[in-house]
Structures are given as C-alpha cells and as structure tokens.
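S.K.: One letter stands for each residue in the lines below.
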Amino acid sequence: MPAIKAEGIYKVFGRNAERGVARLHNGDSRETLRADGLTAAVIDASFQVDDGEIFVVMGLSGSGKSTLIRTVNGLLEPTAGSMQVHGQDITTLSPKALRAVRRDRISMVFQHFALFPHRTVGENAAYGLKVRGLNRSDRMAKADEALRMVGLDKWAGSLPGELSGGMRQRVGLARALAAGTDILLMDEAFSALDPLIRREMRDQLIDLQQQLGKTILFITHDLNEAMQLGDRIAMMRDGRIVQIGTAEEILNDPANDYVASFVQDVDRARVLTAESVMEPPAVLLGADQGPRMAHKLMRENQVSQLFVVSRDRVLRGVVTEDDVAAAVQHGQSDLAGLIRTDIPTVTEGTALADLFGESAESRGALPVLGERDRLVGVIPRVTLLNALSTKGSEQEVTQ
Amino acid sequence: MSLWNSDFLPTLNVGQWFNNVVSWMNDNLGPLLNVIDDALTTLNDGLTDFLNWVPPLIMVLLLAGLGTWVRGWLFGLFAVIGLLLIQAMPTADLWPEAMESFALVLVAAVIAMILAIPIGILAASNGIASRIIRPVMDLMQTMPAYVYLVPALFFWSVGPTTGLVATIVFAMPPGVRLTELGIRQVDPEMVEAGHAFGAPRRQILRGIQFPLAMPTVMAGINQVIMLSLSMVVIAGLVGSGGLGEPVYQGISNLDLVTASEAGLAVVVLAIYLDRLTSAFGDKSAVARASRPRKKAAATA
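Line order of the protein sequences matches chains A and B.
Be aware that the first sequence starts at 15, since it is given in the working numbering, and climbs by one per residue.
Be aware that the second sequence starts at 1157, since it is given in the working numbering, and climbs by one per residue.
A hint or two may mislead.
As the list claims (entries may be wrong) - Mimicking DSS-like on lysine-lysine, the simulated pairs with C-alpha atoms at most 30 Å apart in a straight line are: (1) LYS144(A) <-> LYS19(A); (2) LYS1439(B) <-> LYS144(A); (3) LYS110(A) <-> LYS144(A); (4) LYS1439(B) <-> LYS168(A); (5) LYS168(A) <-> LYS144(A); (6) LYS156(A) <-> LYS110(A).
Said to hold, decoys possible - Listed next, the stretches of chain B that the computed footprint assigns to chain A, with coverage defined by at least 3 CB atoms under 8 Å from CB atoms of chain A: (7) 1316-1325; (8) 1406-1414.
Claimed, not checked - Pair by pair, the computed Cβ-Cβ distance ranges are: (9) GLY1283(B) <-> SER96(A): 29 to 39 Å; (10) ILE220(A) <-> GLN1359(B): 27 to 37 Å; (11) ARG162(A) <-> ARG1290(B): 42 to 52 Å; (12) GLN1172(B) <-> GLU45(A): 55 to 65 Å; (13) GLN1341(B) <-> SER275(A): 37 to 47 Å; (14) ARG29(A) <-> ILE1288(B): 42 to 52 Å; (15) MET15(A) <-> ASN1282(B): 33 to 43 Å.
Hints in this document: simulated from the structure, not taken from any laboratory.
Built from N, CA and C at the ideal position, the CB exists for glycine as well.
All chains should be built: construct the whole structure from the sequences, respecting the hints.
M.R.: Encoded structure:
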C-alpha cells in the first residue's frame, strides 16, 4: 500500500467551486475560469508516494504545489478527487478524525519555519507530542532526542529568536520528527535559507531519511534541489502535473517543451549518475586468456588497454598495450604479472560531478562496477564530456 | 413639497424608543439589575475599603515598589513623588478619594476586559460577527459618555454601580478591538502549524493565537484603563465617589483650589496607571522573545 495516493485531485477556489471542476472536465481552461472569479489551483493531480520514498513536487510559484501539499493533510479540502493516506481516504473524514490523522500520521515543515516565538526550542520541538497529550517529561525527552538528530540538543532551552535561519529550520524539522509520524510534508522547507545552508540541510535530510525511513513529500521551486533530493519528481505547471519520473527520466526524456526548457539549466553533473552515461564495454579480455589474444583484440578494436574480467564478469584489472607487446615478445603464455589492479573504479550511483576526478587519474575509460564488483559498463572520457552538454545547448549550436 | 424644509420626513422618535426600552428593562429585569448592583457594589466597596485600610505611606511604598519592578527605579521615584503629592495637598479627603477612584478603575477595567476578550476572540474568528460587532463598538465609544449615565441612573439611581456600568460600556470597545486585531495579526503560518499537528481549534487559540496576540491585547488593556479613568471622573457626577466628587465640587462652587488639586491627583493616577500597564505589555513572553538578548551573543 502506498503511503500517499492522490487520485484526480482538484482544488478550485471561489464560489461554486464544484461547477469549476465540471467545467475543467469539459475542457475549459484555467483562464476562462478566472474570468468568472474561480481560481483553479490544482487540476486533476494524481500521484502516489511509496513508503520510505522522497517524492518531490517541483513547480514555480503559482503552479499549485503548495495547495496540493495542503490537500494531503487536509489543511485544504480538495474540491474533487480522493486523497488516501495509508489507504484511508482523508477527504471523507470528520474534522476530529482528520485531526487524528495529522497528529499520528503526517507532520509538516514550513517555509518560514512557523516556530512559536514565545516557546523554547525544546517546547517547539515537543509541540506535536503536546497535542497528542503526552506529559511534559516524556515529550521533552522525545523532543531532546529529535533535537539531537538535527544537532541542536544544546539549544533546547533557547528561544527560536536566538537561532540562525538554518538552525530554526532544523528545529522545524525536529518538531516534525519528534511527532513520530511516518510521513513528512515539507513545504519549500529550505527555500528561505542561504544556498550553502540549503545544501547542508539537504544532505542532512537525506541522511535522516536513510536512518529513519520516513516517507517525505517535498515541495520546491528549485529544480536542482528537486533532482538532488527526489527519488521521484512530479513537475507541476499551471495546476497540472505534467510529468512524474526520476531525475534522470526527466532530464533525458522531458515530457514537453516546458519541462525541457526547465531542465536545460540543471547542473547535470550533480544529477546524472555513472549508470546513465556508461556504455557497454566494446571488448573484454578473459582472465584465462593470454597475451597474444590481448594483442589481437587491441589491434582489431584500436584500443590501448583492455579490462580483464573473470568468467562471472568480476573486474580483475587492466592490461596495457606496452605490457602486452613485451609479453608477446618474450613468448609469455598467460597474463601473470601483466594485470594492473591499481585502477580507479566507480559505481553505478556515482554522480557525474565525482567522475571527473577519477577520470583524470585514469588513462583510458573508467570502469563502472555493479553488484559484487561485476563490470557493468565503461565511461570513455569523450562520453563524460558529451553527457554534460544538454540537448538544449546542442540545438543552439546547430542553429 | 419643498427642498428648503424637511417637513415631509416622518418624525422618528428614536429617543422615545430608547426610553421605552429602558423603562421596559427597569420594569421587567429588576432581579437581574439588583444582582448587578449587589455584585458591583460589593466588589467596589470591598476594594475601596482594602485600599484605604492600608496606611497611605505603606500604599505609596507598595505602588512605587510595583512601579520599580515593572519599569525601573526612575518610574518608582515618580510614583513616590506623585503619590506623596496627593497626600500633601490640603483638599479634604483627597487620598481616600484617589483610592476610591483607583478601585473604581480597577473593577471597571477588569470587568470590561472580561467582557471584551471573548467578544474580540469571536470577532477575530468569525467575519460576520466582526462586521456586526465593529459598528456596535463604534457606537459605544463615540456616544457622549454622559449619555450612559441616564439609563444607569434609571436602573440604579445614584451610587457606584451607575458610574461603574457607564464606565464599563464606555471603556470596553478598545479592549474588543485590540483583542480582535491582535489575534488577526498572528502569522497565519503559526496557526497553520497548529492545525498541521492536529491541534483542536481551542488549543490553537489558547496556546498559539492568544499568547502571540498578547502585546496587542495588553495595549487594549492600557486603553481600557485610561478610558475608565476618564469616565470615572465623569461618574463622580452621579455620586459614584472618587476624585470626581471634589472635581465637581470645584466646578459647582467655582473653587479653583479644590478643582485643580483634585485634577492634579487624577493626572498622577493616570500617568501611573498608563506607564505601569504599557510596561506590562513589554513583559509578556512574546515581547520578551522578540527582543534580541545578550545571552544569545555570548553562547553563539
């Protein structure tokens, strides 16, 4: 069962909002509705978030993403559609039952932190537990634990006003974590922070998510942030979800021109991984083959080095042209002493940005290792450079 | 029909209607009016008796001490000088009258706030209520204060209750208005945070909205107290006691000595209460939290 499942969510503001939904169904545009005083903030949004996933909704201001996230915990009631949280349709719940869902299932982190200035950091972090009715010592202990996770346990007695922006948002995060819910909604949670702090917070969020396995629905207008955080990303425009996919799917196969123009500026080096640019190796040398075979393969394929693999494709090392030539001259019959093992390797998940250093150290292509050190592909230097140029910039060149 | 006179308009006996309403209330709500009378008289007399039971010099020290604690020694010094001045002036019974005015102000202001805060909360949480309450408050505050004395005199004749009720009606509006304003001014994201964690409405009001509105509510309390004080003097006209009595004595006898000394005593009380209550606003948790603290710089 997915943690969150949204089906055909509409949110129209204005009088007679249901009529607006019917008109959207009949093909009326957002603009014609606006002329009648109806604002269609979210139109026919469907998506699902799996347990333990970071799902990012990315869109510019006015795209409806903040409205969408508020329909997930019922702060806004969708005009149409169903919103299931752990299989329970929250659009049909009574206010009391809805409060229980918010208390026990979903917590939220806000763009401007929304910390209570008259309460200490510890009391802020304990807020969700206070609402649950935990006694003071229990909830303060749990709040301390959450504050420790975000590195602020020493500040429990301070007031939020004494903390920097980044620290305040960590308190916001601690408040959501302390509540002990398995779903976290994060509404532009890092957007108000300085770029450097933002990156730090993202890394911390990823760490925490891996430790705690929370399901996170993250809203942002920053595509780089979306790509770095999101297991999957939903791109929103004018109230509609225009594409849902992994960062790589969206980068490499944008659903329309809008998404394409968006991803043009993305720092591809941070988003793409070795897996997405690697090529199948043109030729491999078996560990039980000899120098003559190696020499032949090199000549035929015009390469100066060969990767040596065992029968189950585990990478053993590399042999180079010079070593092979010498061995052939000496009449050596096996590869003993020829295989160099001190070569840089990368894994499928290594970000492109981290490949450059490795590539600089290696003379030929970079080997990419999968499970149990099996060779799954190679990245020649030329491929690495090509991967960084976007489709958009290629068009510019040809024009 | 001519445009030069308004003979064509029907005669609207608005005043007569009010008169009828008040007469009806006087005839039919007797028990309720008696309860109000008893309660207010008991409160006011009790507090007045207590304030006058404390020896005047001890009272000066107590009030000055409170002032020093809330605002600082300079204000405490002012309190000592001002309150001793009241005792030093020769007009008869000036100090007991001042204490009686003090009691009237406190009782009126406390009751006005007890009524004003829930009304203000209602106005803040409900648009329709707000649209109804606002003009009523405008009416209550702009109606010349003396007018309230008339129906009150009908109900309770001369005495402290008449003065107190007129004072409460006149002084309540800023309490309502500033409570509503304070709650409406609370950052909507804070309220949303409360909702997002599943807090019920009442808990959000008590734990988030009201504390955050506190500095503005305190400004409302300050306004209510100041209006009460101005009204308490007017109430002296209907035998409510306090500093209003020597003031009217001074007016009716053209006795500048008595009038100016009583007036000065009112000024001292007014300044003391104003500075004291405005400083209470700064002492609320929210106001404290919004001030930069030295401790933060030291530990950062």
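S.K.: Evaluate each hint against the coordinates.
M.R.: Evaluation of the provided hints:
no. : hint                                 : in the structure
1   : LYS144(A) <-> LYS19(A)               : 29 Å, holds
2   : LYS1439(B) <-> LYS144(A)             : 25 Å, holds
3   : LYS110(A) <-> LYS144(A)              : 17 Å, holds
4   : LYS1439(B) <-> LYS168(A)             : 26 Å, holds
5   : LYS168(A) <-> LYS144(A)              : 21 Å, holds
6   : LYS156(A) <-> LYS110(A)              : 25 Å, holds
7   : 1316-1325                            : violated (count 0)
8   : 1406-1414                            : violated (count 0)
9   : GLY1283(B) <-> SER96(A): 29 to 39 Å  : 30 Å, holds
10  : ILE220(A) <-> GLN1359(B): 27 to 37 Å : 34 Å, holds
11  : ARG162(A) <-> ARG1290(B): 42 to 52 Å : 49 Å, holds
12  : GLN1172(B) <-> GLU45(A): 55 to 65 Å  : 59 Å, holds
13  : GLN1341(B) <-> SER275(A): 37 to 47 Å : 41 Å, holds
14  : ARG29(A) <-> ILE1288(B): 42 to 52 Å  : 22 Å, violated
15  : MET15(A) <-> ASN1282(B): 33 to 43 Å  : 40 Å, holds
Violated hints, listed in ascending order, are 7, 8, 14; each of the other numbered hints is respected by the structure.
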